[in-house]
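One line per chain: the protein sequences are A, B and C, in this order. Going by the numbering used here, the first sequence opens with residue 1, and the numbers climb by one from there. Going by the numbering used here, the second sequence opens with residue 1001, and the numbers climb by one from there. Going by the numbering used here, the third sequence opens with residue 2001, and the numbers climb by one from there.
Careful: at least some of the hints might be erroneous.
[Unchecked claim] Below are the DSSO-like pairs computed for lysine-lysine, each with C-alpha atoms no more than 30 Å apart in a straight line:
id	chain 1	residue 1	chain 2	residue 2
1	C	2092	B	1268
2	B	1108	C	2064
3	C	2085	A	91
4	B	1423	B	1469
5	B	1010	B	1126
6	A	91	C	2064
7	B	1182	B	1265
8	C	2023	B	1040
9	A	382	B	1085
10	C	2064	B	1040
11	B	1085	A	455
12	C	2064	B	1084
13	B	1268	B	1347
14	A	382	B	1108
15	A	82	C	2070
16	C	2078	A	85
17	B	1040	A	233
18	A	341	C	2026
Just so you know, the hints here were simulated from the structure itself, not pulled from any lab data. Here the structure is a predicted model, which means the values were calculated and not measured.
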Amino acid sequence: MANLIDLTLSDLVNKVKSKEISSKEITSTYIDRSKQSKKLNAYVEETFDRALKSSEKFDTKPDFKKKLPGIPLAVKDLFCTKNVKTTASSKILENFIPSYESTVTENLWNEGAILIGKLNCDEFAMGSSNETSHFGNVISPIDDNLVPGGSSGGSASALAAKLTPATIGTDTGGSIRQPASFTGIVGLKPTYGSCSRYGIVAFASSLDQAGPMTRDVKDCALMLEVMSSFDPKDSTSINFKRPNYSSNLNINIKGKKIGIPKEYRVDGMTSEIEKLWEKGKNYLKDCGAEIIDISLPHTNYALPAYYIVAPAEASSNLARYDGVKYGFRADGENLIDMYEKTRSQGFGDEVKRRIMIGTYVLSSGYYDAYYLKAQKVRKLIKNDFDNAFNKVDAILTPSTPSSAFKIGDKKDDPVSMYLNDIFTVPVNLAGLPGISIPAGLDKNNYPLGLQIIGKPFDEQGILDIAYSMEEKINFKLKTNDWWIK
Amino acid sequence: MSKDQYLIEKNGNKYEVIIGLEVHAQVLSDSKLFSTSATKFGSEPNTQVSLVDAAFPGMLPVINEFCVRQAVKTGIGLNAKINKKSIFDRKNYFYADLPQGYQISQYKDPIVGEGTVVLDLPSGPKTIGIERLHLEQDAGKSIHDIDPTSTLVDLNRSGVALMEIVSKPDLRSPEEVNLYIKKLRSIMRYLGTCDGNMQEGSLRADVNVSVRKVGSDKLGTRCEIKNVNSIKFMQMAIEYEANRQAELLEEGNAVDQETRLFDTKKNKTRPMRSKEDAHDYRYFPDPDLLPLEFDDQFIENIKKEIPELPDQKKNRFIEKFKLSPYEATILVSDLDTSKFFEKVIEKSDVKLSANWITGELFALLNENNLEIAESPISPENLSKLINLISNGTISGKIAKTIFEIMSKEDKDPNIIVEEKGLKQESDPKALEDLIQKVLNSNEDKVNEYKSGKDKLFGFFVGQVMKESKGKGNPQMINKILKDKLNG
Amino acid sequence: MSIDLKTVKHISKLSRISIDDQKAKKLEKDLNSIFKWIEQLNQLNTDNVDPLTSIAETTLRFRKDQIVSKNIREDVLKNSPKDNKDYFVVPKVVE
Ligand SMILES: [Mg+2]
Ligand SMILES: [Zn+2]
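Please construct the entire structure, taking both the sequences and the accompanying hints into account.
Below, the structure written as structure tokens:
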């Protein structure tokens, strides 16, 4: 048998079901490896003891009908977990222990999964490199001075380093797909309304979606199947018939029409990315798909519109962190003083910057010029996609304009940091599903990803395309476990 | 322009007072607008707080259908346009009792548009325009007087549904404001959409006041007096504010547009917040919620639930029961009064019932500071009392005595009549005996009467009544006496 | 449109985030570079475009008027930095 740690989630599930491995074996193996991997700073909270007990409990009375029977999972610390500290990697939520569980994580536990810990991320998911966390930056297992991407950087790093067999993240402007691309794993952002937002610390409500991060496409389909559900507790959750994504997975995509948007050939895109994209097209052709040139004319305006909409919503969503009900409080001479000091000391610089941007664009006299304008641009971007999907079944783009960068490289230049999400943000603005799959390496052997964008609720469609490309690409993530030695 | 118009006079210049109200009416519902905790008044602090109300991370609003129906129902009662699509916005500001840091409200697209309320002024009906009605959440409560060093926060009220009903600036006097609030409350109580209890804060208002010289048709700069929770205080605040503004103008100064508070101890208004902290609410559509939409059928179904409203009931009372407009207005003004009245007239004479309710009963309630729902006399027993009068068992005078007894103990008046022997004497033979006895002992007066002193008739009646211990049937006494004296 | 120091301080006041002068100057610089980049939206004519209000193309779903959340005062208060078992506690407010 291959090393347990190298098995995919689907393999583990099968081996548990055939009683080849116990939940405890898997759980203790992942815990041991996680303990050896502190250098990566992937975890912000460990629940190892609890997890071991749960795995023992599972083994004494195993339920093999579950989709994730006794499988240990670490999750992004943006998901509220009952009786387990949840911080969103912010000082302002230090010591916050929810009395409730997010719907998405509840779905995981209901299918037999076991929580082994909470994973580091950018503070309130605001960042593209995991350098904004109050608990320090996460290191990529790819290289010791490399960012794993963000905001789900802890999730990406933990998964790529095999500290968890699969994981979940949240994606507001690329926070699943960009770190997935940087670390050579699969990450999917579902259609807005597919996964419940209940119990997820909100960043930008109209853009946030939870999604799976996995080692391969099959695992991704399985995780999505478990995570996605209609939830009456979330008014934006959509009630549609969710397919069994994993059993429906179809490698035959013959005749599918795939669009290539010319506007994604942006300035500053490396030639390696260009080549990768070309290779992607060829893989698709090999699979029998038809490549069609399309235009998404408002692509260039997506990022600036995003940097109005997301901060505006965030400035309001984060108003609840005021030192009154939970989390950190600084002493103040009066109520206002207490608020100002609490929020000044409790939030990190990037979060404060975005709150200020959001406050400004909503403030009296600027609403129309910024917020309303951005919502109109958003409409145009949505229309672009609607038009494109009249001609094609899915769209192929690179996931990011470059491979992972060094820690500290973009820290002082917010705009260049924001540009990282240029290919992922339009998908959030239009509420569409998008998946990033590892597709190759750059000259430094850093992973590169390709993104497939689908029609609303056509997760199955993009999973199928990803599945067939995966076979052709045959990408193998290699790390030498440098952080353990 | 009628001569009883309310005007402020300064240095011989007359000022008209322009008033608009923003009434906050608490929606009658079991649970809150966007969460499933209870709305009951007077519960232990923070016992009716859900994770949504306290703004825990990741908590999301889900709208209560009943509150939407209540708002639509109220809109129909205000003859208003119902908007089939409306939007919830966030109104952002920081305060200790506002856990989210924003209030979910409706800004540009409210659920209810323009409507009307008719006031019954002594000079005739006056229509007050309604600008809009929107749904929003209430905040919690900050308590400053329990702990000497801190402010305590109770979030029980946080998230309770409110209807903000905004009037046009059509009101012209404190008295019109009084009638407007009462009419609004009456309509909502008829509809069952708000209990209108001002002591419990279910009805509060922001009062917008401006003044202008009589004859001018330009609106002056207004001040908003926040959160006044009694009609009396609203009236006092308007009176003070109108005078203050007129004085400013007389002195050649401008009125600043500002938010003020009414200080109930000093009977004055004062500016509420310093200007540098002027609010910028940064309204924007709540991204946790979708547009609120419903179809015509939804509205039609609610229309079917609308009961007879005060104005319709008043017309019915006038037409069907021949009540005066004045009586009818009084009897319909309050839902409980109208219910009481309709219960009494199920079995009793309408005119007598109206008289007794607006007369004796109202006096009794006033004296004891009671609402009609708390009346010590039940409608059933009042009805029986009125029937005793109608069928001649007792006189109106005895009825008052019995009413008095009933006010202390809500007893069947038939039993009281039995027990106290108060039944009217209507036996002609017995009355004739009594009368003869009186005439016999007053022979001199009989002679005076016969020689033309008619006025003495009343004296004989009085004597007979006295002799009957007040129980003699007055009509019969009159008749027999007349026969005997003139015969 | 450029953002001056006064505006930065006004926004920080509105956001209830205190900033010292040094941070304010850094923010002034950052915000100006961000907004200069954002201004490219002005190249786009959006006069006849309806703003997108909600990405989920559906309408608000109703909940029944039922009391479900009850007796959770302890849960609600247990995370508060300062509480007296019955209330949330904040510095004294003078109205
Ligand atoms: Mg107001
Ligand atoms: Zn209001």
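These are the hints, each one checked on the structure:
{"no.": "1", "hint": "2092(C) - 1268(B)", "result": "holds, 24 Å"}
{"no.": "2", "hint": "1108(B) - 2064(C)", "result": "holds, 26 Å"}
{"no.": "3", "hint": "2085(C) - 91(A)", "result": "holds, 24 Å"}
{"no.": "4", "hint": "1423(B) - 1469(B)", "result": "holds, 11 Å"}
{"no.": "5", "hint": "1010(B) - 1126(B)", "result": "holds, 27 Å"}
{"no.": "6", "hint": "91(A) - 2064(C)", "result": "violated, 38 Å"}
{"no.": "7", "hint": "1182(B) - 1265(B)", "result": "holds, 24 Å"}
{"no.": "8", "hint": "2023(C) - 1040(B)", "result": "violated, 47 Å"}
{"no.": "9", "hint": "382(A) - 1085(B)", "result": "holds, 22 Å"}
{"no.": "10", "hint": "2064(C) - 1040(B)", "result": "holds, 17 Å"}
{"no.": "11", "hint": "1085(B) - 455(A)", "result": "holds, 27 Å"}
{"no.": "12", "hint": "2064(C) - 1084(B)", "result": "holds, 20 Å"}
{"no.": "13", "hint": "1268(B) - 1347(B)", "result": "violated, 51 Å"}
{"no.": "14", "hint": "382(A) - 1108(B)", "result": "holds, 24 Å"}
{"no.": "15", "hint": "82(A) - 2070(C)", "result": "holds, 18 Å"}
{"no.": "16", "hint": "2078(C) - 85(A)", "result": "holds, 13 Å"}
{"no.": "17", "hint": "1040(B) - 233(A)", "result": "holds, 23 Å"}
{"no.": "18", "hint": "341(A) - 2026(C)", "result": "holds, 19 Å"}
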